[in-house]
Amino acid sequence: MFDLDRWREIFQAISKNKLRTVLSGFTIAFAILLFTLLFGIGNGLKNMFETQFAGDSQNSVYVYSGRTTKPYRGLQSGRRIQFRNDDLQFMNEEFEKEIQFFSPNIQRQMQGSYKGEQNRYTVRGVYPDYQPLESAVIESGRFISVLDLKNRMKVVTIGRLVEQDLFGQLSGLGKEINLDGFAYNVIGVFSDPGGDNDERYIYAPFTTLQGMYKENDEVDYVGLTFNPKMNVDQALLFSNSLTKQLKDKHSVDPRDQNAIRVRNYAEGTKNVQQFMTVLNVIILFIGIGTLVAGIIGISNIMVYIVKERTKELGIRKALGASPNSIIGMIMMESVFITALAGYVGLLIGVFTLKAIGDGLEDYFIINPSVENYVVVGATIILIIAGTIAGYIPAKRAASIKPIVALNDD
Amino acid sequence: MIEIKNLHKSYPMGKESLHVLKGLDLFIKEGEFVSIMGSSGSGKSTLLNIVGLLDIHDEGEYYLNEELIQNLNEKKAAVLRNKFLGFVFQSFNLITYKTALENVAMPLYYKGVNRKERQQTALEYLEKVGLKEWANHLPSELSGGQKQRVAIARALVTKPKVILADEPTGALDSTTSHSVMEMLKEINAEGMTVFVITHEEDIAEQTDRIVRLKDGVIISDEKVNKTVNA
Numbered sequence: 001m002f003d004l005d006r007w008r009e010i011f012q013a014i015s016k017n018k019l020r021t022v023l024s025g026f027t028i029a030f031a032i033l034l035f036t037l038l039f040g041i042g043n044g045l046k047n048m049f050e051t052q053f054a055g056d057s058q059n060s061v062y063v064y065s066g067r068t069t070k071p072y073r074g075l076q077s078g079r080r081i082q083f084r085n086d087d088l089q090f091m092n093e094e095f096e097k098e099i100q101f102f103s104p105n106i107q108r109q110m111q112g113s114y115k116g117e118q119n120r121y122t123v124r125g126v127y128p129d130y131q132p133l134e135s136a137v138i139e140s141g142r143f144i145s146v147l148d149l150k151n152r153m154k155v156v157t158i159g160r161l162v163e164q165d166l167f168g169q170l171s172g173l174g175k176e177i178n179l180d181g182f183a184y185n186v187i188g189v190f191s192d193p194g195g196d197n198d199e200r201y202i203y204a205p206f207t208t209l210q211g212m213y214k215e216n217d218e219v220d221y222v223g224l225t226f227n228p229k230m231n232v233d234q235a236l237l238f239s240n241s242l243t244k245q246l247k248d249k250h251s252v253d254p255r256d257q258n259a260i261r262v263r264n265y266a267e268g269t270k271n272v273q274q275f276m277t278v279l280n281v282i283i284l285f286i287g288i289g290t291l292v293a294g295i296i297g298i299s300n301i302m303v304y305i306v307k308e309r310t311k312e313l314g315i316r317k318a319l320g321a322s323p324n325s326i327i328g329m330i331m332m333e334s335v336f337i338t339a340l341a342g343y344v345g346l347l348i349g350v351f352t353l354k355a356i357g358d359g360l361e362d363y364f365i366i367n368p369s370v371e372n373y374v375v376v377g378a379t380i381i382l383i384i385a386g387t388i389a390g391y392i393p394a395k396r397a398a399s400i401k402p403i404v405a406l407n408d409d
Numbered sequence: 001m002i003e004i005k006n007l008h009k010s011y012p013m014g015k016e017s018l019h020v021l022k023g024l025d026l027f028i029k030e031g032e033f034v035s036i037m038g039s040s041g042s043g044k045s046t047l048l049n050i051v052g053l054l055d056i057h058d059e060g061e062y063y064l065n066e067e068l069i070q071n072l073n074e075k076k077a078a079v080l081r082n083k084f085l086g087f088v089f090q091s092f093n094l095i096t097y098k099t100a101l102e103n104v105a106m107p108l109y110y111k112g113v114n115r116k117e118r119q120q121t122a123l124e125y126l127e128k129v130g131l132k133e134w135a136n137h138l139p140s141e142l143s144g145g146q147k148q149r150v151a152i153a154r155a156l157v158t159k160p161k162v163i164l165a166d167e168p169t170g171a172l173d174s175t176t177s178h179s180v181m182e183m184l185k186e187i188n189a190e191g192m193t194v195f196v197i198t199h200e201e202d203i204a205e206q207t208d209r210i211v212r213l214k215d216g217v218i219i220s221d222e223k224v225n226k227t228v229n230a
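Residue numbers (the working numbering), protein chains in the order written: chain A, 1 to 409; chain B, 1 to 230.
Hint data in this document are derived by calculation from the structure and do not stem from the laboratory.
Don't take every hint at face value.
Calculated pairs, DSS-like style, for lysine-lysine (alpha carbon to alpha carbon, straight line, at most 25 Å) [to be verified]: (1) B:132 to A:401; (2) A:247 to A:16; (3) A:311 to B:98; (4) A:16 to B:132; (5) B:111 to A:401; (6) A:307 to B:75; (7) A:16 to B:111; (8) B:75 to A:311; (9) B:76 to A:401; (10) B:98 to A:18.
Selected chain A positions facing chain B (in silico; Cβ < 8 Å) [said to hold, decoys possible]: (11) 16; (12) 19; (13) 321.
The structure displayed is predicted, hence computed values, not measured ones.
A virtual CB, placed ideally from N, CA and C, is assigned to each residue, including glycine.
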């Protein structure tokens with residue numbers, strides 16, 4: 001394998017027979033190139049969908065309360081259900097395993113102002129866990145912390161657009177803004193992939209707002225994310241069970257659709273995932289098709305190469321080449337060309353995808369790219385195919401009687 | 001050196017089979033210069049292929065260098081060819097993309113000689129056939145006579161026991177034919193067994209012994225009177 005002399009023979013055969021090298025190399029390079037491009041564009045399509053459904057965590061669950069619509073356990077309909085702090089504790093205890101991030105929420109519209117600039121904003125009192133829930137990205141400073149919560153600090157983390165409204169080009173960090181007459185210290189600014197609306201929120205510690213605007217222990221609604229290890233069906237099962245237990249706890253008819261509402265993003269995710277699965281199957285199908293075409297191509301070329309070399313192989317045998325050395329030579333040449341050409345095709349493909357970048361956004365393709373392991377896997381498959389494709393004719397060539405090979409013109 | 005007893009060979013031709021060699025007996029001593037004469041279809045090429053281990057006989061016995069050739073697999077045949085036999089073909093059979101030097105060095109590659117020694121030895125033999133200056137030329141840049149001389153150098157390079165030449169002058173004009181034959185004579189004079197196949201009377205007459213073949217049987221086997229040629 002690492003016999004330098006043999007490699008010299010192979011390099012000479014490759015470089016002195018350019019047409020055949022180029023032919024076989026081109027087939028492989030082209031197959032890998034097509035494979036890379038198709039896969040990349042398919043992935044771009046997938047990326048597009050993922051971006052469309054970004055904004056909030058894909059595993060978010062929101063729990064709202066309202067008025068009952070059905071009498072139950074002797075209680076009349078029209079009764080208002082109010083979540084309280086003990087509900088938070090209940091949920092966390094009952095579903096410790098299923099819940100990943102958890103945050104109760106108090107939401108108010110407030111007039112926010114800073115030195116004459118003012119606007120109306122939605123202010124949310126939350127736990128630190130709310131940040132991953134909303135997929136908020138901290139641009140500067142920090143998000144609400146456990147300590148803020150504990151000390152009922154008058155601090156806020158504001159959206160990028162809030163900062164723009166109130167502070168213009170300047171940084172809002174460390175400044176005091178006024179919300180409905182109370183001063184809050186700005187401790188952080190966030191951006192949100194979900195877009196403009198999501199960047200107009202102001203987040204304050206849950207306990208601060210609860211103390212100021214709600215009666216001691218009331219909660220507006222609850223946001224949480226389920227353990228991402230759960231699949232969609234498990235997630236739906238979890239939210240159903242959560243609904244059932246909360247209804248039971250608040251004596252709500254299990255058929256009551258209004259009193260306790262649980263909105264699980266997994267439902268939407270399920271549809272998207274189904275669509276993605278179909279898309280993946282299509283991409284896979286096309287990819288395999290391309291590979292098969294490449295394999296057939298390289299097989300044909302190997303048959304042609306061996307045929308073309310029959311006489312040369314006959315001469316080599318007459319001069320003392322053993323059948324194994326003939327097989328080894330042809331196969332190593334085949335593997336070498338396949339590997340090299342495959343790599344070239346891969347590079348061209350990856351660079352093309354890079355060059356396309358986001359240029360095809362209008363065609364629903366975002367950041368087309370391929371995972372390395374997919375392409376490397378494809379190249380390895382082609383190399384193996386090239387080896388097998390080379391082996392069969394090489395073995396036949398090696399077993400031809402030298403006298404027959406010598407007479408071949 | 002070469003001993004053949006009751007050798008038979010037939011080729012299948014559709015349902016029929018063509019009986020080419022019909023019981024040959026031949027003994028060639030070391031250092032002989034023998035020619036096999038015969039018209040086309042007489043079986044002379046088949047004989048050479050069997051002697052050269054390029055083909056297998058059906059019946060009879062064949063000893064090469066006192067070794068009985070039987071049940072020969074390709075691998076073993078390759079080793080024996082490399083060790084004992086040197087081939088010179090009518091159509092030269094040089095590898096087109098290799099230079100004269102690389103062509104001559106090739107049997108040494110299969111013998112397992114290292115690269116430096118290969119090149120040195122190959123160059124020595126090219127010098128011997130008078131083509132040292134042409135070492136780095138491709139076969140396409142050489143004349144027919146030169147190609148055949150490269151082929152002879154290639155046949156000699158492993159110092160084989162027997163040189164098998166199949167119509168070595170068949171593709172050459174009379175002048176170059178003559179010089180190629182002179183070269184074979186020289187080789188023979190150095191003690192190597194040379195086995196030439198030809199259908200040309202004047203070529204055969206330059207050897208020491210002429211075996212005439214017709215329809216698969218030997219019809220005559222005679223020494224050439226050297227004084228006639230001198």
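Here is what the structure says about each hint:
Distance hint between residue 132 of chain B and residue 401 of chain A is unfulfilled; the C-alpha atoms sit about 33 Å from each other, more than 25 Å. Distance restraint check for residue 247 of chain A and residue 16 of chain A: the Cα-Cα separation of roughly 81 Å exceeds the 25 Å cut-off, and the hinted pair is therefore not satisfied. The suggested pairing of residue 311 of chain A with residue 98 of chain B holds, with an alpha-carbon distance near 14 Å, which does not exceed 25 Å. As the CA atoms of residue 16 of chain A and residue 132 of chain B are separated by approximately 23 Å, the hinted pair is consistent with the 25 Å bound.
Our distance criterion of 25 Å between C-alpha atoms is met by residue 111 of chain B and residue 401 of chain A, whose separation comes to about 20 Å. With a CA separation close to 21 Å, the supplied pair residue 307 of chain A and residue 75 of chain B stays within the 25 Å bound. Simply put, residue 16 of chain A and residue 111 of chain B have alpha-carbon atoms about 24 Å apart, close enough for the 25 Å limit, and the pair holds. With a CA separation close to 18 Å, the supplied pair residue 75 of chain B and residue 311 of chain A stays within the 25 Å bound.
Between residue 76 of chain B and residue 401 of chain A the CA atoms are separated by roughly 14 Å; this keeps the pair inside 25 Å, and the hint holds. Under the criterion of a C-alpha separation no larger than 25 Å, the hint pairing residue 98 of chain B with residue 18 of chain A is consistent with the structure, at around 14 Å. With 8 Å as the threshold, the beta carbon of residue 16 of chain A comes within range of chain B, its nearest partner Cβ sitting at about 4 Å, so the hint holds. The closest approach between the C-beta of residue 19 of chain A and any C-beta of chain B is roughly 12 Å, which is over the 8 Å cut-off, so the hint fails.
Against a cut-off of 8 Å between C-beta atoms, the interface hint on residue 321 of chain A holds, since the closest Cβ of chain B lies about 5 Å away.
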